[in-house]
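Enquirer: Sequence:
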Amino acid sequence: MIIISIKENESIDKALKRFKKKFEKTGVLKQLRSRTAFQKPSISKRTTKIRAVYKEKMYGNKGQ
1 MIIISIKENE SIDKALKRFK KKFEKTGVLK QLRSRTAFQK PSISKRTTKI RAVYKEKMYG
61 NKGQ
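In this note's numbering, the protein residues as written are 1 to 64.
Some hints here could point you the wrong way.
Stated by the list, open to error - Derived lysine-lysine pairs resembling DSS-like cross-links, with alpha carbons at most 25 Å apart:
| no. | residue 1 | residue 2 |
| --- | --- | --- |
| 1 | Lys55 | Lys40 |
| 2 | Lys30 | Lys20 |
| 3 | Lys25 | Lys49 |
| 4 | Lys57 | Lys45 |
What the hints assert, rightly or not - Cβ-Cβ distance ranges computed for the label pairs, FRET-style:
| no. | residue 1 | residue 2 | range |
| --- | --- | --- | --- |
| 5 | Ser11 | Val53 | 31 to 37 Å |
| 6 | Lys7 | Ile43 | 43 to 49 Å |
| 7 | Met1 | Thr36 | 18 to 24 Å |
| 8 | Thr48 | Lys7 | 35 to 41 Å |
| 9 | Asn9 | Ser34 | 37 to 43 Å |
| 10 | Glu10 | Gln39 | 36 to 42 Å |
| 11 | Arg51 | Phe19 | 24 to 30 Å |
| 12 | Ile2 | Ala52 | 28 to 34 Å |
Think of the hints as simulated: they come from the structure by calculation, not from any bench. Note that CB positions come from ideal geometry on N, CA and C, so glycine has one too.
Hey, can you work out the whole structure from these sequences and the hints?
Expert: Shown next, in the form of structure tokens:
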């Protein structure tokens, strides 16, 4: 469970923003979406490889 303590003179908007950041870092929503349907291990490995190649193309060529 994520607990956020509201500080003195802190607006609800800022507290909500901190809560959303913590919630995003825990990865609960991402895990929930991944568990909605079964995905074969071979497919998940393939997608991670494809993402890695894409990131390498995007970020690896910037220095050249």
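Enquirer: Against this structure, judge whether each hint is valid.
Expert: The hints, checked one at a time:
no., hint, in the structure
1, Lys55 <-> Lys40, "holds (23 Å)"
2, Lys30 <-> Lys20, "holds (13 Å)"
3, Lys25 <-> Lys49, "holds (23 Å)"
4, Lys57 <-> Lys45, "holds (19 Å)"
5, Ser11 <-> Val53: 31 to 37 Å, "violated (44 Å)"
6, Lys7 <-> Ile43: 43 to 49 Å, "holds (45 Å)"
7, Met1 <-> Thr36: 18 to 24 Å, "holds (22 Å)"
8, Thr48 <-> Lys7: 35 to 41 Å, "holds (40 Å)"
9, Asn9 <-> Ser34: 37 to 43 Å, "holds (39 Å)"
10, Glu10 <-> Gln39: 36 to 42 Å, "holds (41 Å)"
11, Arg51 <-> Phe19: 24 to 30 Å, "holds (28 Å)"
12, Ile2 <-> Ala52: 28 to 34 Å, "holds (30 Å)"
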